[in-house]
Amino acid sequence: KVKFRELFRPFAPVVSEADAPRYFALGRAAGQYPQRFMLMVSPTLPGREAEIQATSHMGTGRLQTVRREWNPLYFDLVAGFGQATGTPVLLNTSFNLRGEPIVATPAQAVRTFVHSGLDLLVLNQTLVWKEGRYA
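For the sequence shown, this note's numbering assigns the number 98 to the initial residue and increments by one for each residue that follows.
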């Protein structure tokens, strides 16, 4: 557990801009309000809910899309997860514990990681894990 949030405060899906239409009904407003900024809720396409249930809430998601040119590392993470699992959708949320400000420095990231239920932390090109979990 990380967020300890109520059920009515769902997490958000992140997917490449190219894969988004395979999972979500984007609608006409997507052109005016880019999904990159998580400004709108998009319905999950019928038949996709079970596949991405951890990232959606009652058949919807506050979708974030990513392109390689916007953030190459993030794009490659999402794409790599898709290649490994067949589902190119990850869960996205702010990096903070309940009642804490959003992480802004590497030191804050490590502190939050240590006090959370997270298994792994990626800081730029460094992978951090808790002792005994992956040794």
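It is worth saying that the hints were derived from the structure and are not from the lab. Please read all numbers here as calculations on a predicted model, not as lab measurements. Just so you know, even glycine gets a beta-carbon here, dropped at the ideal spot from N, CA and C. Careful: at least some of the hints might be erroneous.
[Said to hold, decoys possible] Label pairs and their calculated CB-CB ranges:
| no. | residue 1 | residue 2 | range |
| --- | --- | --- | --- |
| 1 | P169 | L215 | 28 to 38 Å |
| 2 | R195 | P143 | 28 to 38 Å |
| 3 | L170 | P118 | 20 to 30 Å |
| 4 | L170 | V207 | 12 to 22 Å |
| 5 | F134 | L174 | 10 to 20 Å |
Can you list which hints this structure breaks, lowest number first?
1
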